[in-house]
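According to numbering that gives the first Met the number 0, the residues represented by the sequence shown are 0 to 165, in order.
Derived from the structure by calculation, the hints contain no laboratory data. Some clues are possibly wrong.
Below, simulated DMTMM-like cross-link-like pairs (lysine to aspartate or glutamate); rule was C-alpha separation at most 20 Å, straight line [to be verified]:
hint, residue 1, residue 2
1, 91, 65
2, 49, 65
3, 109, 140
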Amino acid sequence: MKNEVARLTRWMCILLLGLLSLTLVKQASGQAQRGGISGVVTDQGGAVLKGAQVTLESPVFNLVTDDEGRFVINNVAPGNYTLTITYVGFAKFEQSLSVSAGQVANVPVKLQLQSQNESILVTIPRVSGEADAVNIERSADNLVQVLPAEVIRSLPNANLADALGR
Numbered sequence: 000m001k002n003e004v005a006r007l008t009r010w011m012c013i014l015l016l017g018l019l020s021l022t023l024v025k026q027a028s029g030q031a032q033r034g035g036i037s038g039v040v041t042d043q044g045g046a047v048l049k050g051a052q053v054t055l056e057s058p059v060f061n062l063v064t065d066d067e068g069r070f071v072i073n074n075v076a077p078g079n080y081t082l083t084i085t086y087v088g089f090a091k092f093e094q095s096l097s098v099s100a101g102q103v104a105n106v107p108v109k110l111q112l113q114s115q116n117e118s119i120l121v122t123i124p125r126v127s128g129e130a131d132a133v134n135i136e137r138s139a140d141n142l143v144q145v146l147p148a149e150v151i152r153s154l155p156n157a158n159l160a161d162a163l164g165r
């Protein structure tokens, strides 16, 4: 009787281990069938654009670029997609791309100014002002209101309490 119970227990363990290994193999093969998309968003001069809105259509993935202008979209099913990138003050970027299983498509993005008549003279390392403030507000994880330093300096603040009250 004890031998039968031991043999039955052994077979149950072997069966359970077999089922577990099949599940792990299926999960590993399912993950290998996915791909990804990555890239860096810059302006015409090569400066990175932090907080640019990145959208991948069907299914919809929405994210923003990090401090270095980079974005990564993982776990994308193989197929054809449309990548859209927007940033205040720049023309919308759209590109069709193909994602292959187990591959990461690299998309370098150089955004153009919204109007050909506009030009920007950069006298500091980073563009500042209202466009930058709007992009920070759009990409914030919580509710944030940003005022550029020029706007704060232009307000008639008598003291620090007056400025904070505004």
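Cross-check of the supplied hints:
At roughly 18 Å between alpha-carbon atoms, residue 91 and residue 65 fall within 20 Å of each other, so this suggested pair holds. For the hint linking residue 49 to residue 65, the alpha-carbon distance of about 6 Å falls within 20 Å, and the restraint holds. Of the pairs offered as hints, the one joining residue 109 and residue 140 is violated, with about 25 Å between alpha carbons and a cut-off of 20 Å exceeded.
Of the numbered hints listed earlier, the single one contradicted by the structure is hint 3.
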